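With the hints as extra help, turn the sequences into a complete structure.
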Amino acid sequence: IIDSSEGGDRAKRQRTSSRRPLRIALDVGTIVARAAHGLGSMLVDERHLTNYGRSQLQEEANAADPSAIDPLQAISNDGQKRAYVNRCTSYVMTRIKALQDVSGGELLVVIDGAT
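Those letters in the sequence shown? Residues 4 to 118, per this note's numbering, in order.
Be aware that one or more of the hints could be misleading.
[Unchecked claim] Computed beta-carbon distance windows for the label pairs:
| hint | residue 1 | residue 2 | range |
| --- | --- | --- | --- |
| 1 | E63 | P24 | 50 to 58 Å |
| 2 | E62 | D115 | 40 to 48 Å |
| 3 | Q103 | Q83 | 25 to 33 Å |
| 4 | E62 | I27 | 39 to 47 Å |
| 5 | R23 | K84 | 39 to 47 Å |
These are computed hints drawn from the structure, not numbers from a lab.
The model shown is predicted, which means the values in this text are computed figures rather than measured ones.
All residues carry an ideal CB built from backbone N, CA and C; glycine is no exception.
Shown next as structure tokens:
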């Protein structure tokens with residue numbers, strides 16, 4: 004003789020174990036925008052803010068490439084740009100991992116929510 008409550012529990016366990024994990028689509032565009040705006044100060048050279056600083060930059064640029072149309076563009080700040088991209092990427096990945104830990108489901112990362 005099988006107890007009806009025992010059979011019901013078994014069926015319930017089978018249903019709960021076969022559930023698919025929760026999937027959440029996450030549009031990271033806002034997280035990327037927040038990182039870009041929040042960390043944008045890393046790209047600013049303080050010397051642009053004063054006349055003395057601008058003249059220093061002008062002299063450096065003229066020494067780097069005297070034939071440049073815009074001498075201030077001749078100064079390369081690739082290291083600064085690389086550090087900025089690394090910080091932004093780290094911020095975005097940290098936010099995604101934190102949301103994944105809190106939600107307990109699968110996150111589907113979407114760059115543009117309209118597509």
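For each hint, the structure was consulted:
At about 55 Å, the CB distance of E63 to P24 agrees with the hint of 50 to 58 Å. Remark: the range hint 40 to 48 Å for E62 to D115 is upheld by a beta-carbon distance near 43 Å. Checked against the given bound of 25 to 33 Å, the beta carbons of Q103 and Q83, roughly 31 Å apart, stay inside it. Separated by about 54 Å at the C-beta atoms, E62 and I27 break the suggested range of 39 to 47 Å.
A C-beta distance of roughly 42 Å is found between R23 and K84, which places it inside the suggested range of 39 to 47 Å.
The structure is inconsistent with hint 4 alone, although it conforms to all the rest.
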